[in-house]
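Number of protein chains: 2
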Amino acid sequence: MVSITDIREQTVSIASPIRNAVIDFSKMTISALVIETDLKRGGKSIKGYGFTSNGRYGQSGILRERMIPRLLSAHDIASEDGRNLDPFKCWQAMMANEKPGGHGERSVALGAIDMALWDLVAKIEDRPLYQVLSDRYAEGRSNPSVRVYAAGGYYYPDSASHLLETEMRGYLDMGFREVKMKIGGASLDEDRVRIERVLNIVGDGNRLAVDANARFDAQTAIDYAEAMTEYGLRWYEEPVGVLDFEALKEVRQASTMPIATGENLFSCEDSLNLIRYGGLDARVDFLQMDPALSYGLVEYLRTLEMLSAHGWSAGRCVPHGGHQFGLHLAAGLGLFGNEAYPGVFEPFGCFAPEMQLENGRVRLTDAPGIGYEAVPEIHAVLKGA
Amino acid sequence: MVSITDIREQTVSIASPIRNAVIDFSKMTISALVIETDLKRGGKSIKGYGFTSNGRYGQSGILRERMIPRLLSAHDIASEDGRNLDPFKCWQAMMANEKPGGHGERSVALGAIDMALWDLVAKIEDRPLYQVLSDRYAEGRSNPSVRVYAAGGYYYPDSASHLLETEMRGYLDMGFREVKMKIGGASLDEDRVRIERVLNIVGDGNRLAVDANARFDAQTAIDYAEAMTEYGLRWYEEPVGVLDFEALKEVRQASTMPIATGENLFSCEDSLNLIRYGGLDARVDFLQMDPALSYGLVEYLRTLEMLSAHGWSAGRCVPHGGHQFGLHLAAGLGLFGNEAYPGVFEPFGCFAPEMQLENGRVRLTDAPGIGYEAVPEIHAVLKGA
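Those protein sequences? They're chains B and Z, same order as listed.
When we follow the working numbering, the leftmost residue of the first sequence carries the number 1, and every step to the right adds one.
When we follow the working numbering, the leftmost residue of the second sequence carries the number 1, and every step to the right adds one.
It is worth saying that the hints were derived from the structure and are not from the lab.
Treat the hints with care, since some could be wrong.
It does not matter which identical chain is used: a pair holds within one copy or between any two.
Derived DSS-like pairs (lysine-lysine); straight-line CA-CA distance at most 30 Å [stated by the list, open to error]:
id : residue 1 : residue 2
1  : K89       : K40
2  : K383      : K89
3  : K27       : K249
4  : K40       : K249
5  : K89       : K27
6  : K44       : K27
7  : K89       : K249
8  : K44       : K89
9  : K249      : K44
10 : K99       : K383
11 : K27       : K40
12 : K99       : K40
13 : K249      : K383
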């Protein structure tokens with residue numbers, strides 16, 4: 001029977017001078033963690049690495065006081081044949097004695113452990129994670145070339161407004177084709193000017209998404225939608241409060257712009273309410289739930305099943321977070337693509353040097369597991385956990 | 001200007017051998033905390049005490065890493081005249097750089113601080129908290145005699161099933177008139193027998209509520225409702241998943257039993273969705289949001305305002321938690337009553353020796369603040385934080 005011998009975590013700063021329409025990231029942290037097993041390869045124990053995505057801070061307390069002790073003391077966490085770990089059994093062990101509802105923070109703590117568990121599962125199989133996922137959950141279909149878009153488009157001081165163009169040109173130079181920019185941190189007129197400046201760089205509306213970070217009330221969101229419709233943008237992200245499904249439905253009904261939301265919903269239950277009440281259209285809208293923030297891939301698989309039962313394909317999902325875990329899910333489960341934050345939340349948004357970024361797609365390598373060892377900057381932090 | 005000079009917190013075990021239909025409480029903890037100011041009375045600094053209610057564990061990480069440092073470094077947290085603290089300004093300071101949604105855990109951490117802040121606000125005014133609240137938010141109406149019910153009715157081993165009667169008789173002997181018992185941890189037939197045994201003790205259906213702890217699916221919940229209708233019970237608590245508003249609506253439509261829910265909703269936004277989608281009836285149903293778990297009284301006042309706008313009076317609210325903070329809210333804001341857990345989660349559910357419990361009501365004293373100093377067992381823990 002495989003068993004877990006150690007779990008270590010540390011809080012790491014991912015402070016960044018950026019801000020969106022709601023918060024700044026000057027004190028943002030994550031929890032980075034490593035899980036060790038009693039299996040060895042090449043004389044070394046096989047390790048799994050995980051971290052807590054971004055935007056929701058490190059989770060030292062919940063990890064140390066609840067999730068890690070429960071997992072370390074669990075008896076039945078191996079797969080049927082005893083040769084690998086079973087992330088579903090691990091999930092049950094970690095959620096023991098947790099009351100229903102209140103999905104936030106613990107979902108982030110559990111998500112980091114789940115990420116490390118799947119890294120382990122794939123390493124024990126000695127295969128890249130996306131291949132394990134496609135064999136188990138997508139009838140073997142996979143595509144290691146994943147569509148990615150560069151999330152950025154921040155606000156700059158008036159004196160340096162040209163930096164917006166510089167930023168966007170930088171993304172195209174790296175190999176991105178699609179980008180996302182912030183709106184809602186200035187007046188609608190100013191935001192229109194910013195959108196048009198970015199369109200001049202990227203060339204086509206369907207290469208640009210806009211993100212309001214849940215700042216608007218329904219009427220403001222609709223005013224923005226009306227002003228932006230002519231641009232034919234890729235999507236309009238989080239126009240209104242993330243739990244205000246009535247307002248979302250109003251925006252959806254008032255506009256033809258594709259809407260994207262879900263990065264701040266942290267459970268299958270919450271996502272189900274979005275689908276039930278938000279009025280979204282499975283043909284045009286996008287869902288951005290981040291498995292690392294929302295109880296991990298174990299819960300994300302439940303969410304995909306729930307979505308399927310409501311007529312949504314995995315191809316409408318494009319996870320928040322910009323982590324390589326999301327790339328493997330996109331490659332192995334047929335998601336639309338994955339977010340990327342070039343130069344932000346470093347090193348956790350970096351690609352491995354071997355991963356080619358061309359024409360808006362990045363290609364996963366054959367490295368076993370998620371492959372964080374191949375990103376020197378990430379590995380340096382994770383192995384120190 | 002009043003200022004906060006120190007905030008100390010510690011994690012305290014409230015382990016209890018009980019279990020409900022979903023979790024056991026053998027490893028349950030809370031965070032206890034004390035806030036000190038630069039104001040003195042009788043030569044000693046005025047202190048505020050708070051803790052994290054129960055059921056959601058201590059929150060050391062979020063308190064130490066986010067809430068406490070933000071509050072300690074905030075500049076503008078005093079009332080207009082500078083003589084007291086403003087819990088609303090404190091709330092804004094603590095929620096700086098927190099993303100929207102994901103209401104759980106941080107809502108618990110903030111709730112504990114909020115409790116201590118209101119304790120301070122009332123102590124600085126040298127009045128009991130309920131009087132401060134009634135003056136500020138209820139046009140001076142208050143009633144220091146608060147309706148309380150004893151939550152318990154646990155499952156006992158078959159060999160000791162008579163302990164259910166013993167437990168219930170004990171509550172009546174203490175001065176309670178209304179009690180609550182667990183259901184859903186046995187078959188419907190067994191639960192019916194248990195309910196009838198308790199009815200033999202308390203005498204009348206409207207003195208007994210039942211709690212399924214969100215365990216049932218819609219059909220099971222309806223089957224239970226049909227079987228229980230004849231008893232005329234006080235309420236049927238958390239029949240289905242706490243975020244499954246469709247299932248709740250089905251149960252509501254299928255039954256005339258009053259429903260109670262909300263203890264696992266931790267924000268005004270989540271409560272609004274319950275009201276929008278759950279199909280509850282403002283004339284017969286009850287809402288149990290626990291301010292200490294859900295961003296404190298500052299958020300609870302927003303929730304009461306939201307409820308009022310949807311036709312719900314404060315008189316339909318009966319908070320979860322069994323803490324004296326809830327008693328003051330009930331007394332000062334006109335709530336239906338408050339939960340109590342005699343002998344469980346001690347010492348945090350204890351009443352002060354001076355507080356008389358008679359005929360199902362407990363009377364608050366004139367002690368300034370919340371009055372935890374008057375409960376020796378609580379004070380011993382809180383002052384050690």
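Verification of the hints:
no.: 1; hint: K89 to K40; verdict: within (22 Å within a copy, 54 Å between copies)
no.: 2; hint: K383 to K89; verdict: within (25 Å within a copy, 41 Å between copies)
no.: 3; hint: K27 to K249; verdict: neither (34 Å within a copy, 42 Å between copies)
no.: 4; hint: K40 to K249; verdict: neither (52 Å within a copy, 53 Å between copies)
no.: 5; hint: K89 to K27; verdict: between (34 Å within a copy, 20 Å between copies)
no.: 6; hint: K44 to K27; verdict: neither (36 Å within a copy, 35 Å between copies)
no.: 7; hint: K89 to K249; verdict: neither (37 Å within a copy, 32 Å between copies)
no.: 8; hint: K44 to K89; verdict: within (25 Å within a copy, 53 Å between copies)
no.: 9; hint: K249 to K44; verdict: neither (53 Å within a copy, 55 Å between copies)
no.: 10; hint: K99 to K383; verdict: between (33 Å within a copy, 29 Å between copies)
no.: 11; hint: K27 to K40; verdict: neither (38 Å within a copy, 34 Å between copies)
no.: 12; hint: K99 to K40; verdict: neither (37 Å within a copy, 41 Å between copies)
no.: 13; hint: K249 to K383; verdict: neither (45 Å within a copy, 50 Å between copies)
Hint compliance for this structure: hints 3, 4, 6, 7, 9, 11, 12, 13 are broken, all remaining hints hold.
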